[in-house]
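Chemist: Now for the letters of each chain:
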Amino acid sequence: MAEVKLTDLDKSYDNGKSFVLKNINLHIEDGEFVAFVGPSGCGKSTLLRMICGLEDISSGLLELGGERANEMPPNERRVGMVFQSYALYPHMSVRENMEFGLKLAKVDKAEINRRVAEAAKMLQLEKLLERRPKALSGGQRQRVAIGRSIVQEPRLFLFDEPLSNLDVALRVQMRQELARLRARLKTTSIYVTHDQVEAMTLADRIVVLSPLADGAQTNLEQVGAPLELYHNPCNLFVASFIGSPKMNFFRATIVACGQSESKIKLECGTELTVCNDTSSASAGDKVTLGIRPQDVLKKDSNDTGKNWITGTIETIERLGNESFVYMKHPDIHEAFIARIEDSMRRECGSEFRVGVPAENCHLFDADGKALKRTQSPKFD
Amino acid sequence: MAMVQPRNLHYRVWAARIVMIALLCLVMFPFLMIISVSFRTGNFATGSLIPENPSLEHWAMVLGIPYETADGNIVEPTFPVLTWLWNSIKVSLTTSALILTLSTTGAYAFARLRFRLKHHLLTSMMILQMFPAVLALVAFHAFFNKLGGVVPWLGLNTHSALVMSYLGGLTMNIWLIKGYFESIDVALEESAHIDGATPWQAFRHILLPLSVPILAVVFVLSFIGVIGEYPIASVLLQSVDKLTLAVGVKQFLYAQNYLWGDFAAAAVLTGMPITVVFLIAQRYLVSGLTAGGVKG
Numbered sequence: 028m029a030e031v032k033l034t035d036l037d038k039s040y041d042n043g044k045s046f047v048l049k050n051i052n053l054h055i056e057d058g059e060f061v062a063f064v065g066p067s068g069c070g071k072s073t074l075l076r077m078i079c080g081l082e083d084i085s086s087g088l089l090e091l092g093g094e095r096a097n098e099m100p101p102n103e104r105r106v107g108m109v110f111q112s113y114a115l116y117p118h119m120s121v122r123e124n125m126e127f128g129l130k131l132a133k134v135d136k137a138e139i140n141r142r143v144a145e146a147a148k149m150l151q152l153e154k155l156l157e158r159r160p161k162a163l164s165g166g167q168r169q170r171v172a173i174g175r176s177i178v179q180e181p182r183l184f185l186f187d188e189p190l191s192n193l194d195v196a197l198r199v200q201m202r203q204e205l206a207r208l209r210a211r212l213k214t215t216s217i218y219v220t221h222d223q224v225e226a227m228t229l230a231d232r233i234v235v236l237s238p239l240a241d242g243a244q245t246n247l248e249q250v251g252a253p254l255e256l257y258h259n260p261c262n263l264f265v266a267s268f269i270g271s272p273k274m275n276f277f278r279a280t281i282v283a284c285g286q287s288e289s290k291i292k293l294e295c296g297t298e299l300t301v302c303n304d305t306s307s308a309s310a311g312d313k314v315t316l317g318i319r320p321q322d323v324l325k326k327d328s329n330d331t332g333k334n335w336i337t338g339t340i341e342t343i344e345r346l347g348n349e350s351f352v353y354m355k356h357p358d359i360h361e362a363f364i365a366r367i368e369d370s371m372r373r374e375c376g377s378e379f380r381v382g383v384p385a386e387n388c389h390l391f392d393a394d395g396k397a398l399k400r401t402q403s404p405k406f407d
Numbered sequence: 362m363a364m365v366q367p368r369n370l371h372y373r374v375w376a377a378r379i380v381m382i383a384l385l386c387l388v389m390f391p392f393l394m395i396i397s398v399s400f401r402t403g404n405f406a407t408g409s410l411i412p413e414n415p416s417l418e419h420w421a422m423v424l425g426i427p428y429e430t431a432d433g434n435i436v437e438p439t440f441p442v443l444t445w446l447w448n449s450i451k452v453s454l455t456t457s458a459l460i461l462t463l464s465t466t467g468a469y470a471f472a473r474l475r476f477r478l479k480h481h482l483l484t485s486m487m488i489l490q491m492f493p494a495v496l497a498l499v500a501f502h503a504f505f506n507k508l509g510g511v512v513p514w515l516g517l518n519t520h521s522a523l524v525m526s527y528l529g530g531l532t533m534n535i536w537l538i539k540g541y542f543e544s545i546d547v548a549l550e551e552s553a554h555i556d557g558a559t560p561w562q563a564f565r566h567i568l569l570p571l572s573v574p575i576l577a578v579v580f581v582l583s584f585i586g587v588i589g590e591y592p593i594a595s596v597l598l599q600s601v602d603k604l605t606l607a608v609g610v611k612q613f614l615y616a617q618n619y620l621w622g623d624f625a626a627a628a629v630l631t632g633m634p635i636t637v638v639f640l641i642a643q644r645y646l647v648s649g650l651t652a653g654g655v656k657g
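Going down the list, the sequences are from chains A and B.
Counting from 1 along the first sequence, just add 27 to a position and that's the residue number in our numbering.
Counting from 1 along the second sequence, just add 361 to a position and that's the residue number in our numbering.
Keep in mind the hints are simulated off the structure, nothing from the lab.
In this text the structure is predicted, and so the values were computed from the model without any measurement.
Do not rely on the hints blindly, as some may be mistaken.
[Claimed, not checked] Simulated crosslink set (DSS-like; lysine-lysine; CA at most 27 Å straight-line):
#1 44(A) to 479(B)
#2 479(B) to 161(A)
#3 148(A) to 130(A)
#4 355(A) to 405(A)
#5 133(A) to 44(A)
#6 148(A) to 136(A)
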């Protein structure tokens with residue numbers, strides 16, 4: 028087991044002309060499970076490959092277990108990696124696949140057998156040990172790939188989108204198995220995924236990366252516990268990336284600033300009260316209001332309370348326990364979504380009104396930085 | 362196959378069969394002819410396909426067994442044909458093995474490593490290879506003549522010189538193997554590196570075993586190419602006991618007397634090692650070795 032420390036890590040191509048990763052600073056504690064998430068092209072897999080040594084580091088410092096690892100070849104880093112494509116050795120049986128690294132390391136035969144047997148039991152591979160990868164299903168192959176890195180007893184596990192090649196049902200099942208495995212092994216792990224559900228459910232902390240924009244200082248957007256990212260995203264990018272369906276965004280201007288409560292006005296003229304600290308801004312500033320589809324309330328048309336938005340229904344997705352209502356408003360730039368806890372049939376084109384609870388609002392300044400929520404929900 | 366077929370398919374299948382049988386005859390005829398000539402009494406190139414007076418005199422000649430003719434004379438074999446055969450096999454096996462070693466390692470560099478001028482090197486090797494080696498016969502002669510003065514075992518009239526000159530032909534094989542290597546997912550070797558393998562171990566234990574089919578192809582192709590090679594061997598080898606079979610059999614064809622029967626028997630003999638090598642190699646010509654390793 029080991030801690031991982033990244034200091035000012037850069038990855039660039041063409042002698043520093045084009046950057047993929049810039050100024051990545053991250054400290055992963057011993058035994059921690061960290062997920063890298065981000066849209067494709069954000070460099071999350073590249074970062075993982077830099078940590079295991081398959082990709083060189085352009086500048087900055089990588090420390091594994093307290094020692095500099097920049098120049099260490101992958102075979103000396105003692106890390107285990109599970110590839111998206113499994114990368115099983117097709118000419119070897121499951122047993123040989125798992126034994127391969129141990130044989131290279133000249134571990135003695137009895138110890139090899141013990142470790143393989145243990146891993147096979149843990150991953151329910153006992154009956155498959157003599158098979159070739161060709162004769163295994165996708166889920167079984169992925170389990171072999173995991174087993175192959177477990178038997179090495181690495182100080183760090185790296186997962187590169189391990190479940191993305193599996194079908195949905197299998198993915199859920201494998202996710203559970205990974206969580207169980209994780210609780211048992213307690214090895215430091217880094218998990219790359221574009222699936223935020225995997226990240227939210229498995230990780231102790233999530234690292235959100237974005238594709239590097241021109242002139243940006245870094246593409247590390249936010250690091251934090253899953254619920255921290257969900258409830259207090261630090262900027263527009265993280266807010267739009269975490270949560271499904273995506274958070275709704277409305278352009279707005281500040282009407283009245285305040286430390287615990289502020290008033291804003293939407294494009295359509297509706298005024299809303301929000302629980303955000305806008306003391307650093309001034310009235311008239313352009314802001315973006317963010318509200319999750321799950322956080323809006325269904326309002327009856329005869330409700331006279333404040334803080335609501337009206338729109339016309341475009342489409343409804345009725346899922347039984349819930350419905351997603353896609354709405355439009357002629358004066359509001361983007362379509363918005365509300366999650367409603369019923370599956371009533373509603374006429375498309377009819378008017379629909381949703382409540383926007385002030386304490387559920389996210390507010391972002393013109394640069395996309397979050398203005399602090401004053402009444403964000405409690406979580407641990 | 363359950364696909365619906367047009368009705369005239371039946372005739373087309375038959376037409377295809379007839380064409381194939383005709384083609385087969387065309388290919389088989391010269392071969393059968395050679396075998397027939399080698400069993401025919403006397404040295405005649407023409408005659409019926411099935412010898413009228415079958416005789417083993419030519420086979421005795423090439424296998425080095427004294428032969429008694431019908432009128433009681435003992436004919437001693439004139440040439441050491443079996444020595445030639447052994448020379449041929451020796452040279453071909455060594456060359457093929459060396460070509461295989463050098464071209465797999467070379468192809469690995471071109472397929473997996475990044476270095477300057479890689480692309481230029483590949484193309485220039487390809488272009489240089491296009492000039493027939495025969496055009497450089499004089500150069501080969503002069504080169505090995507001089508070299509022999511310094512390193513005697515690499516001089517003219519040695520097998521090592523011949524092997525050396527054949528090694529120049531490995532570019533084509535580098536291209537072949539490189540193409541195959543590139544079809545194997547790099548993730549497999551990467552995963553071996555993570556498992557603790559050095560680059561050499563990843564090459565030896567992962568890439569090579571998965572490339573066995575193309576290695577077999579390269580081995581067979583260079584073996585066939587070398588065992589039948591005439592021009593360079595005829596220039597570099599001089600004494601009778603050093604000749605390869607391809608050069609040696611030419612000795613049966615004097616300007617005044619073409620000994621077709623002996624020639625044919627020796628020719629069939631040349632085919633033997635090729636057949637053996639091919640039979641061994643085809644065990645490795647299997648497809649689907651890499652199946653199941655990665656999911657794309």
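Chemist: Compare the structure with each hint and give your call.
Modeler: We went through each hint and held it up to the structure:
no.	hint	result
1	44(A) to 479(B)	holds (22 Å)
2	479(B) to 161(A)	violated (35 Å)
3	148(A) to 130(A)	holds (20 Å)
4	355(A) to 405(A)	violated (32 Å)
5	133(A) to 44(A)	violated (43 Å)
6	148(A) to 136(A)	holds (18 Å)
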